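Chains as they are written, first to last, in my numbering: chain B, 1 to 464; chain U, 1 to 471.
Source of the hints: derived by calculation from the structure; they are not laboratory data.
A quick note: this is a predicted structure, and the numbers were derived from the prediction, not measured.
Careful: at least some of the hints might be erroneous.
Said to hold, decoys possible - Selected chain B positions facing chain U (in silico; Cβ < 10 Å):
1) L52
2) A69
3) L383
4) P463
The C-beta atom is built at its ideal place from N, Cα and C for all residues, glycine as well.
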Amino acid sequence: MTSLRDAEDSMAHALRRLAPHTSYAEVMAQRMVGHSVRIDKSQTSINVEPRLEGAVFRAWDGDEWVEVASSGLDGATLNGSADALHHRLGSDANRTPPPGVSATGNAEQQTHSKRPLESVAVEERLAIARSLYKLALSPGGIDNAIITMGSSVEERLFLSTAGARRWQQVDRSRGTVVPVAMESGKVEYDYLSYGSMGGWEVLDELTEERILETANEAKALLKAGSAPTGAMTVLLDPSTAGTFAHESFGHGTEADQLLRDRSYLKPLLGQMVGPEFLTLVDDGSYPGGWGSIYFDDEGHPAQRTVLVDHGKFVEVLHDRESAAVFHRSATGNTRRADFLSRPFVRMTNTFVEPGDWSLEELLEEAKNGIYLQNCTSGIEDPLGGQMQIKVKKARLIRNGELGPVGPSMALSGKVLDFLKGIRGVGKADVFSIGPGYCGKGHTDLIPAGTGGSYLLSEAVVGPA
Amino acid sequence: MSEPTFGSDTAYRAAEAIRRLPVPGPWDVYGEKIERYEIHLNGIVREMLRGPLRLEGVGLRVIRPFEQKLGVGFAATSDISSGSLATAVHDAEATARYSRFPASKVELPSQSPKGVAVETVDRKAWANPLESLEAYVHALVTSFEGRPGIVPSFGSVHLTLAESTLANSSGLEHRSVRTTVDLEIAVKAFGGPEGRPPGEYWVTSRSVRLDPSHLRQDVDTWCQRAADVRRAKPPTAGEQTVVLPPRVLTDIIPEILSFRLSGTAEIRGIGAKAGDLLGAPAVSVWDDGLFPFGIGSSAVDDEGNAQSKRTLIAAGKASAMLYDVLHASATGRTSTGSGLRDSLAYPEWEHFSSQPHPVGTTIVVGTGDGGRDAELAEIAGEGIWVDQLGYAFPDPLSAAFGGEIRIGYRIHNGQLAEPLRGGTVGGVVVGGLGERSLLNSVVALGKTPELTAHLSCPTFVVEKMSVGGAD
Chain B
1 MTSLRDAEDS
11 MAHALRRLAP
21 HTSYAEVMAQ
31 RMVGHSVRID
41 KSQTSINVEP
51 RLEGAVFRAW
61 DGDEWVEVAS
71 SGLDGATLNG
81 SADALHHRLG
91 SDANRTPPPG
101 VSATGNAEQQ
111 THSKRPLESV
121 AVEERLAIAR
131 SLYKLALSPG
141 GIDNAIITMG
151 SSVEERLFLS
161 TAGARRWQQV
171 DRSRGTVVPV
181 AMESGKVEYD
191 YLSYGSMGGW
201 EVLDELTEER
211 ILETANEAKA
221 LLKAGSAPTG
231 AMTVLLDPST
241 AGTFAHESFG
251 HGTEADQLLR
261 DRSYLKPLLG
271 QMVGPEFLTL
281 VDDGSYPGGW
291 GSIYFDDEGH
301 PAQRTVLVDH
311 GKFVEVLHDR
321 ESAAVFHRSA
331 TGNTRRADFL
341 SRPFVRMTNT
351 FVEPGDWSLE
361 ELLEEAKNGI
371 YLQNCTSGIE
381 DPLGGQMQIK
391 VKKARLIRNG
401 ELGPVGPSMA
411 LSGKVLDFLK
421 GIRGVGKADV
431 FSIGPGYCGK
441 GHTDLIPAGT
451 GGSYLLSEAV
461 VGPA
Chain U
1 MSEPTFGSDT
11 AYRAAEAIRR
21 LPVPGPWDVY
31 GEKIERYEIH
41 LNGIVREMLR
51 GPLRLEGVGL
61 RVIRPFEQKL
71 GVGFAATSDI
81 SSGSLATAVH
91 DAEATARYSR
101 FPASKVELPS
111 QSPKGVAVET
121 VDRKAWANPL
131 ESLEAYVHAL
141 VTSFEGRPGI
151 VPSFGSVHLT
161 LAESTLANSS
171 GLEHRSVRTT
181 VDLEIAVKAF
191 GGPEGRPPGE
201 YWVTSRSVRL
211 DPSHLRQDVD
221 TWCQRAADVR
231 RAKPPTAGEQ
241 TVVLPPRVLT
251 DIIPEILSFR
261 LSGTAEIRGI
271 GAKAGDLLGA
281 PAVSVWDDGL
291 FPFGIGSSAV
301 DDEGNAQSKR
311 TLIAAGKASA
321 MLYDVLHASA
331 TGRTSTGSGL
341 RDSLAYPEWE
351 HFSSQPHPVG
361 TTIVVGTGDG
371 GRDAELAEIA
381 GEGIWVDQLG
391 YAFPDPLSAA
401 FGGEIRIGYR
411 IHNGQLAEPL
421 RGGTVGGVVV
431 GGLGERSLLN
441 SVVALGKTPE
451 LTAHLSCPTF
461 VVEKMSVGGA
471 D
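Looking at chain B on its own, in the form it has when it is part of the complex:
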């Protein structure tokens, strides 16, 4: 099979077997290929990413969704899944239509990469990785450097009994440089990571200047003192601000959680939650965004959704079901991790819109506090509204000046307090959307972009 579209007739045939037995059914097939390179001082690995392909069928059973999925896209397998799903359906699955509006019509979209996956020979990928490795080691004092570069091509084809047909191909590439320093048994590192929709050209962002800076920071982290603790003024770099937008705020805007009464933000819809210069956005159509898609897994087009508009919490992210309950339109945010995973309302690229403060102005405004850099993780608390964000390094701010690099830290506190405490948002010149993976709960990881500029507020910080 050279394209997922080769399986379309079999998918349509299997879907027709289901149609008489339910008011609505759909099938989503997925095919993924990719290549990656990983090198460090002891090992070179070239990987062909697993060739996984399969399809999931979903049907409305009158009062709940039922799904069956299987790897393989041959006619017998697809018919087998459709028949298994038929057997799960009750006798009155035709009784009521599913909630919400079904997508209709036919559309195709794909990424047009400058340097697609197949256009770069293995030798060239290896040569790029080796050059990055040498650069990372070049400052001296670096014991090892871990270089990973990967590029993938993912196809999804969606058909429904409502007449929708969507085909999309999304290319994504990502590169990471991790210089590692060691001394007396202590191991430290810093990282540089870049990823977005596109082909190998994405890796051009891993520049010599950035790699050298990262390597020098790794060495400096070996000498870092202990982390300060307590409530203080915090300045978030773009990666940390993006994680705040996604993990701390964004998860509370996924409307399926509102339907479960599991969002601290639900009673605040329509209210001011931050200063007038704060705007938060989820945008699945962001050009080149790591979390960008063309259509969601209910067939709705990806779109830009302003969540907080000049401080006012104005919108949440919908699937067909929540959109029906809230009398809104689906926002193109229904995503499956893969053909074996269920759909949920998910974010795409979530970010803080840039403001008009320079870094110098923000430091001056902060006067004393801490600058949190290179976010490593975050976790949501959609009902409780607490935040946990971890960064790889931090710098004390004293009298508006940045101090030497300090160790990894965690930021915590209440999201709403943090929002109300925002005193400044950085300019667009440092705005970026970084690559990450997001879980719904603790599973179902999907590519999700997080971004922003600098963000100045108050929070509790401690060791991590």
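With the hints as your guide, set chain U onto chain B.
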């Protein structure tokens, strides 16, 4: 009693096709046939039924000598047609030409050990998966009945049945089965006269069996925690004695120790060496691949070598490391049966798409003489009992961990006092020379072990942990 089976022969069929091509050794092929069922909840209402979700696939590894090193090629596919297998062989050979591993030869086992029986399956669930899952979910949901102001708000239970087959160029053929149960549930406490915002206790667990026998007791605990969240306050900042129970440690210890005490870390010069002081004298740690109903337990690892119980830390000192066949060869040792395709950090329900690498199975920490919970609080005197962190995000490279306290309790005068929430706790599991770490700051270990996912351990009392909180 014979093992349940799907009767799958995925790897054996692939091996036959590989031999016909023919492909020179060494090579191995790992096949899986998997069936999964899921029930998703919205409150106590079933929101979605999923299953069967079927996945079948193979991962093929070829190992080739190149200039005193090995070229290791790998390809995985869920299309097991002969054409696709030929493509996988081609991809594996192609990647082997460019990959380099620091060993000069490797020996794959020719037969699997006989007579080793390990419990890895919930037989009842295997026989009737959907009915068993529905019965478990019914027991779970009814455990919330009669509790005003408490509901599960979000959750799911996943039951996975997997049969793996392994074949290699040395003639090995081995079959094994496993069941895995993943539970995720968020419990919400709300209402009441006090007008406080709702509180949530968010639970995830992974085990081998659908065992409803402890559900009511567990739900009692979850509901109490959710209610306590509503009146919890942030802890004070500073160095404090902290008590960490197994459900917190399970997100911290296995991932870091199973990397730092592995051939993977050793060949990069960051592994512990035998005799290195890693913890307090009371701390002894094993990796037990034969732990009954342990995640990752099996008679043989994913390369066909015998699993066993291995001493990693004895009385605070590093003792042994975990090796698969490649890392054993690179370091002049023999495999410890630790070549697994699972990941502790991001466990997947399929393993065939990953290459084997040294991984811990069930990490077992020896119990101590600290007594039960009440006695451990007494030993702590003043401090914090952490019941749940947001997520500790353990970092194997730096050995650091840390997270926000989602619910804990102040320990005052040797007793649990008011609930705490917010603030952070963190540090390193094992440190550099003279550096304070989790393992070398243990002052007491409880007497009762608890199995949570990849860890069987007692509660730890740890002194002078750094806590970020209110000033």
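Going down the list of hints, with the structure as the test:
1. Satisfaction of the interface hint for L52/B is found here, the shortest Cβ-Cβ separation to chain U being roughly 5 Å, below the 10 Å cut-off.
2. Given the 10 Å rule on beta carbons, the hint for A69/B holds: about 5 Å separates it from the nearest Cβ of chain U.
3. A least Cβ separation of about 4 Å between L383/B and chain U falls short of the 10 Å threshold, and the interface hint therefore holds.
4. Evaluation of the P463/B hint against chain U yields a held restraint, the C-beta minimum of about 4 Å falling below 10 Å.
In this structure, none of the earlier numbered hints is contradicted; all agree with it.
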